[in-house]
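Trainee: Listed here are the chains, written in short residue letters.
2 protein chains.
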Amino acid sequence: MAKPRSILGERAFLQSLRARAAHLADQHCPVSGLKLGIGDDCAILQPPPGHQIFVTTDFSLETVHFRREWHTPESVGHRCLARGLSDLAAMGAAPLAAFLSLALPAELAQPRRGQLAWRKRFLAGFLALAEKYRVPLAGGDTALSPLFPMDRTQGSMFTGPALADIVLIGSAPRNWALMRSGANAGDRIYVTGHLGGAAAELAQLAANPRRFRRCKKSVTGSPNPHPHLFPEPRLSVGAWLLKNWRATAAIDISDGLSTDLDRLCEESCLAAVVNAEMLPLHPLVQPKSHPITDESLELALHGGEDYELLFTASPDVRIPRSIAGVPITCIGVMRRQAPGQARIVLVDEVNGRRRERPLPPGGWEH
Amino acid sequence: MAKPRSILGERAFLQSLRARAAHLADQHCPVSGLKLGIGDDCAILQPPPGHQIFVTTDFSLETVHFRREWHTPESVGHRCLARGLSDLAAMGAAPLAAFLSLALPAELAQPRRGQLAWRKRFLAGFLALAEKYRVPLAGGDTALSPLFPMDRTQGSMFTGPALADIVLIGSAPRNWALMRSGANAGDRIYVTGHLGGAAAELAQLAANPRRFRRCKKSVTGSPNPHPHLFPEPRLSVGAWLLKNWRATAAIDISDGLSTDLDRLCEESCLAAVVNAEMLPLHPLVQPKSHPITDESLELALHGGEDYELLFTASPDVRIPRSIAGVPITCIGVMRRQAPGQARIVLVDEVNGRRRERPLPPGGWEH
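In order, the protein sequences belong to chains Z and D. Residue 125 in my numbering sits at position 125 of the first sequence, and the numbers go up by one each step. Residue 117 in my numbering sits at position 117 of the second sequence, and the numbers go up by one each step.
Just so you know, the hints here were simulated from the structure itself, not pulled from any lab data. It cannot be assumed that every hint is accurate.
Because identical chains share one entry, a pair is satisfied inside a single copy or across any pair of copies.
Unchecked claim - For lysine to any residue, the following SDA-like pairs were computed, each having C-alpha atoms within a straight-line distance of at most 20 angstroms:
(1) LYS35 x PRO358
(2) LYS216 x TRP245
(3) LYS35 x HIS51
(4) LYS243 x ALA324
(5) LYS35 x TRP176
(6) LYS35 x ASN175
(7) LYS35 x GLN46
(8) LYS35 x GLU267
(9) LYS216 x GLY182
All values reported here derive from a predicted model rather than from experimental measurement.
Generate the whole structure from the sequences, applying the supplied hints.
Mentor: Shown next, in the form of structure tokens:
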């Protein structure tokens, strides 16, 4: 409709991004599958011979997935890419390239009070994670965020929200993917890392955003000190599981254990029993391991955005206690679904007596 | 942040979409490259042996690319997919799968005044074009459009704009792509179809949106009767050019001839001469062919969104007058760039005298 020519200096910005992305691709991915990056109608990728292509897309929308008042731009950029990488990890695929579509209100493209523009800081966060996992940024789209008419009958306009859409392309050997649908009755259920940390850190962030304003991604230890602001995609674990044929099914915990396990059960046509006392709680949820409070359990079961992997494996298969430096915990078992029974049952012990209760999906539904 | 559980009945909606997409994939693409569609962490594609992968992403943002008051939902859905398909066409690639990320304010997901919901009509337009070109819808993301704070210091919130991000994955034999960078000095410049029609129809639409409210995509004739509302991606022409090795370079005219030809020149390190009198004007621009008014020329050169292909070919190569039923017109020639000279020169005849003038890019810059 309108022609906002060079309002953001898009051409210059894209050229600098193109140079940076090309540099990254050359330096870190000398044998990468990216044959043609930013600058033509499409990017061209060359997957390794015998590989299939994996594609995932995820929105990051202001006020839905992040808030400018809470999250640093670096965290928004990191989280945007981490979500897509986590989807690849859940299937055991290796990333080939990322595509970023970014719509920003004009004020976020310009420097403010002598600081770098929000956009540059967003990209710094995005590209730091891309560099770590050697994922070339191969294209995307940019736009001024839509001017939003407050009242459609009048003419008043406001600048729109910031939003990003991330596309990840990955590859894995033909017919080797970790699917949600492959679990068998009797399989053990495992999770990587720790649960509930992202939800716990989000609550702290909401209560006191100032405390987190200078928060930077640290070299990841375990547990990750910033599970919400800088989640770590479990690419190495996914790749290990795929390569060693250990898992029967997998999914990433983006929307909460209860919701993502429910999806895995649905796709595998099975039910599950989860042992509450085996859940690996993040120290931000509860520093001591016993007794688990109801609040801690709520965060670990329904919190979401932990981006850990949830996978199943045959009881006859040995799963190490840690894979690629990430702790692995068995939290339950898959079983046949009996008619009228809840799909997921949570088991714990109260006063020495075993208690079973249904666990309905309580995480994020899109 | 918030957990808008089932506000839009997302789960039911996604299930119906998944069923429809799977049906489409089965019915129309029995040998398609889509191995796993909606329902896991990633979609899985199997490109034909020896093929490379092509990826393009495009935003469709309310008030930037469409207006709810002007465009029917069917047109918005059609245009959203057509933009991505046109990028594949420009490189000669065949589509493998589409991914659609859609963020809508709640009111567009519900039926209104006994009519189908905006979202359903959007998808009808999208899927009709997908069906025509046998492109399975293999995934994407859905979200409630961000609630937008009018005043960040206060708490007042408004529903956000409608927006879509489309990703197209295509394939073509290894090292066969039509690139922007392959033109040689002396190559002829060609365009498909007609120019300026989209801009002319947009002007009519803006002047009288009611007239277009019942406008439907017709079986495409040539010229396309609705070049703005229902543009036709030139996939068959792109595929023909690739298969027959006739073109040296190609780009699609999404942002206007002057801007897209400038990009092709830049990537090929060349300049171009365009003959104004050879431009194939769309009948909506000017019913008679002579004399060309300045307004008509403006629409044809800078109008944008025609989604025709612009390509170059050696003067020794025969280019037919029509390819796959689409007329092809020679509009100029590529040449070396002389220092200090304009990159694109427009030539016409005034009172029997040849006139040359520089043609700066005047279309849409992102």
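Trainee: Hints first: check each against the structure and report whether it holds.
Mentor: Status of the hints after comparison with the structure:
Taking CA atoms no more than 20 angstroms apart as the test, LYS35 paired with PRO358 passes in neither setting, with 51 angstroms inside one copy and 35 angstroms between copies. In this homomeric assembly, LYS216 and TRP245 never come within 20 angstroms of each other (Cα to Cα): the closest approach is 36 angstroms inside a single copy and 52 angstroms across copies. Taking the closest pair of Cα atoms, LYS35 and HIS51 come within 20 angstroms of each other both inside a single copy (16 angstroms) and across two copies (12 angstroms). Taking identical chains as interchangeable, the C-alpha atoms of LYS243 and ALA324 lie at most 20 angstroms apart only when both belong to the same chain, with a minimum of 13 angstroms there against 46 angstroms between chains.
With identical chains, the CA atoms of LYS35 and TRP176 are at most 20 angstroms apart between copies only, with a shortest distance of 12 angstroms across copies and 24 angstroms within one. Only between protomers do LYS35 and ASN175 lie at most 20 angstroms apart by alpha-carbon distance; the minimum there is 9 angstroms, versus 24 angstroms within a single protomer. Within a single copy, LYS35 and GLN46 get their C-alpha atoms as close as 7 angstroms, and across copies as close as 18 angstroms, so both meet the 20 angstroms cut-off. For a Cα distance limit of 20 angstroms, the shortest separation of LYS35 from GLU267 across copies, 16 angstroms, qualifies, whereas the shortest one inside one copy, 36 angstroms, does not.
With identical chains, the CA atoms of LYS216 and GLY182 are never at most 20 angstroms apart, being 38 angstroms at best within one copy and 44 angstroms at best between copies.
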